[in-house]
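Enquirer: Read off the chains here:
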Amino acid sequence: MTIPASWFLTLAALLFGIGAFGLLTRRSALIMFMCVELMLNAVNLTFVTFSNSLHDVAGQASVFFVMVVAAAEVTVGLAIVVAVFRRRQSNTVDDLSELKG
Amino acid sequence: MTATVPDLLVFLAAAAMVVVGAIGVITFRNPVHSAISLILTLLGVAVAFIEQEAHFLAAVQVIVYAGAIVVLFLFVIMFLGVDEREDVTVEPLIGQRPLAYASVFVTVGGIVAMLSRGGWVTGASTVTGPTAVYNGSTVDNVTAVGQSVFTTYLFAFEATAALLIIAVVGAVVLARRERSVEGGESA
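Top line first, the protein sequences correspond to chains A and B.
When we follow our numbering, the leftmost residue of the first sequence carries the number 4, and every step to the right adds one.
When we follow our numbering, the leftmost residue of the second sequence carries the number 8, and every step to the right adds one.
Treat each hint with caution, since some may be false.
[Stated by the list, open to error] Computed spacing ranges between beta-carbons, pair by pair:
(1) I101/B with S93/A: 18 to 24 angstroms
(2) R91/A with I70/B: 19 to 25 angstroms
(3) F157/B with R89/A: 39 to 45 angstroms
(4) R91/A with A66/B: 35 to 41 angstroms
(5) N37/B with L57/A: 38 to 44 angstroms
(6) R91/A with T34/B: 21 to 27 angstroms
[Said to hold, decoys possible] Which chain A residues face chain B? A few, computed with CB under 7 angstroms, are given here:
(7) M42
(8) V51
(9) V66
(10) V79
(11) Q92
[What the hints assert, rightly or not] One side of the interface only, derived from the structure: several residues of chain B facing chain A at Cβ under 10 angstroms:
(12) L64
(13) Y72
(14) I101
(15) Y108
(16) N148
(17) A151
Read the hints as simulated data drawn from the structure, not as lab findings.
Note that the coordinates shown come from a computational prediction; the quantities given were computed from them, not determined experimentally.
Beta carbons: idealized from backbone N, C-alpha and C, even for Gly.
Based on the provided sequences and hints, a complete structural model is requested.
Expert: Spelled out as structure tokens, the structure:
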């Protein structure tokens, strides 16, 4: 409560940066999904921080909906990973180059 | 604004959990270790939520994220048997890693520079009202979030119900085993 909001916002920025770096450098589709989760959590932390510092509950309601969309995204994404793995026996995104022009 | 010692300790613990877990996710070569490390980060974020009086979201964070989503990740890892280790030192795309360092540094540095300047909150507040007040009386956090979700954001709430059903049906259709896989290229 007495921790300054900027500390939490800096922590969220750091978490977002780590997630973005992992998304840009790792090649396993599963790890990339985990990095997307890291970035979503960083945004959730920012929402809650502003909700607390501005005394406005809309930020927390937004986080609720972000969590629902993240759950749906993970469900469909992992189903795609399973479908791709069945066909290619691999889960690295470098092997998915058939649509290359 | 001075922070008390317990608040400071809780914040530092949460920050350490978040950063160590996140670095573990992107550096571990075994995906199972990455998933376990992701749990550490999610619990750290939950601690940060509690520190900021968002009790309902902290509970949902532990139940949905650390409970359901990470278990789904682990289930897929075990189901596929993808426990082969990815060599993170190989760089298949020339210049990918320096570019990633540069873009992440610019993004995080820009956010932190913007924070240090101050004045990052502008505009009017929303129609939903304060975090712990409903109809003029002080309520707890769960009540406040529930009231706003079921009144102001009722349409969005119903839309998420449809979204979840569509996602589940889509996942079942995508992950279903094809009957005629041996017969050739079936769609």
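Enquirer: Decide, hint by hint, whether the structure agrees.
Expert: Hints, one by one, checked against the model:
Judged by the Cβ atoms, the range 18 to 24 angstroms given for I101/B and S93/A holds: they are separated by roughly 22 angstroms. Against the hinted window of 19 to 25 angstroms, the Cβ-Cβ separation of R91/A and I70/B comes to about 34 angstroms, which falls outside the hint. Restraint check, F157/B to R89/A: a C-beta distance of roughly 41 angstroms satisfies the suggested window 39 to 45 angstroms. For the hinted restraint 35 to 41 angstroms between R91/A and A66/B, the CB-CB distance of approximately 39 angstroms keeps it satisfied.
As the Cβ distance of N37/B to L57/A is approximately 42 angstroms, the hint placing it in 38 to 44 angstroms holds. Take R91/A and T34/B: their Cβ atoms lie about 26 angstroms apart, and the range 21 to 27 angstroms holds. Using the Cβ-Cβ criterion of 7 angstroms, the hint placing M42/A at the interface with chain B is not satisfied: the shortest such distance is roughly 10 angstroms. Nearest Cβ of chain B to the Cβ of V51/A: about 5 angstroms, under the 7 angstroms cut. The hint holds.
A hinted interface residue such as V66/A counts as satisfied when its beta carbon comes closer than 7 angstroms to some beta carbon of chain B; here the least separation is about 5 angstroms, so the hint holds. The interface hint given for V79/A holds, since its Cβ lies 5 angstroms from the closest Cβ of chain B, which is under the 7 angstroms cut-off. Taken as an interface hint, Q92/A does not check out: its beta carbon lies about 10 angstroms from the nearest beta carbon of chain B, beyond 7 angstroms. Proximity of L64/B to chain A holds as hinted, the smallest CB-CB distance being about 5 angstroms (cut-off 10 angstroms).
Contact between Y72/B and chain A, as hinted, is supported at the beta carbon level, the nearest pair being about 7 angstroms apart and thus within 10 angstroms. The criterion of a C-beta within 10 angstroms of any C-beta in chain A is not met by I101/B, whose closest approach is roughly 13 angstroms, and the hint is violated. Taking 10 angstroms as the C-beta contact cut-off toward chain A, the hint placing Y108/B at the interface holds, the least distance being around 7 angstroms. With its C-beta approaching chain A no nearer than about 8 angstroms, N148/B sits inside the 10 angstroms limit, and its interface hint holds.
Interface hint status for A151/B: upheld, as the beta-carbon distance to the closest one in chain A is roughly 5 angstroms, under 10 angstroms.
Of the numbered hints given earlier, the model fails hints 2, 7, 11 and 14; all others are met.
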